[in-house]
Amino acid sequence: MSIHDFIDGQVKSNDVVVFMKGTPQFPMCGFSGQVAHIMGLLGVDYKGINVLDSDEIRQGIKEYTNWPTIPQVFVKGEFVGGCDIVREMYQSGELQTLLEEKGVAVMGRATA
Numbered sequence: 001m002s003i004h005d006f007i008d009g010q011v012k013s014n015d016v017v018v019f020m021k022g023t024p025q026f027p028m029c030g031f032s033g034q035v036a037h038i039m040g041l042l043g044v045d046y047k048g049i050n051v052l053d054s055d056e057i058r059q060g061i062k063e064y065t066n067w068p069t070i071p072q073v074f075v076k077g078e079f080v081g082g083c084d085i086v087r088e089m090y091q092s093g094e095l096q097t098l099l100e101e102k103g104v105a106v107m108g109r110a111t112a
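For what it's worth, the UniProt record's numbering labels the leading residue of the sequence shown as 1, then goes sequentially.
Rather than coming from a laboratory, the hints here were simulated on the basis of the structure.
Here the structure is a predicted model, which is why all the values come from computation and not from measurement.
Yeah, the Cβ is synthetic: ideal placement off N, Cα and C, and Gly gets one too.
Among the hints, a few may not be true.
Unchecked claim - Per label pair, the in silico range of CB-to-CB distance:
(1) G103 / D8: 29 to 39 Å
(2) G43 / S92: 11 to 21 Å
(3) T97 / I3: 14 to 24 Å
(4) K47 / T69: 11 to 21 Å
What the hints assert, rightly or not - Each computed DSS-like pair below joins lysine-lysine, with the alpha-carbon atoms no more than 25 Å apart:
(5) K62 / K12
(6) K62 / K21
(7) K47 / K62
(8) K21 / K47
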């Protein structure tokens, strides 16, 4: 399996995926920590993939999205963005709306 196929499979088989430095419980950079914190505030279940475990994943995700930075957030197969975009979307309420529209439970509430 190629790294592109691995990434594609993770993105398409999980409602919310964050390619990050570290893990959801132990982020290894401030930006990954901010995204993990926002997801925690929203009560969103997500899969965290630690790019520090593999240079192939770390480089592969950048090529997959043509986006140079980590973390990278996907919702229902759609690339949302990195830390700055996710933070701005959270602050404006747009992230919560996106999650709810995509059917992702927010703060423990089941959504359509």
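Structure-based check of all given hints:
1. G103 / D8: 29 to 39 Å: Given about 21 Å between the Cβ atoms, the range is violated.
2. G43 / S92: 11 to 21 Å: holds, 19 Å
3. T97 / I3: 14 to 24 Å: Cβ of T97 to Cβ of I3: about 32 Å, so the range 14 to 24 Å is violated.
4. K47 / T69: 11 to 21 Å: holds, 19 Å
5. K62 / K12: Between K62 and K12 the Cα gap is close to 17 Å, so the pair holds against 25 Å.
6. K62 / K21: holds, 13 Å
7. K47 / K62: holds, 18 Å
8. K21 / K47: holds, 13 Å
Hint compliance for this structure: hints 1, 3 are not met, and every other hint is.
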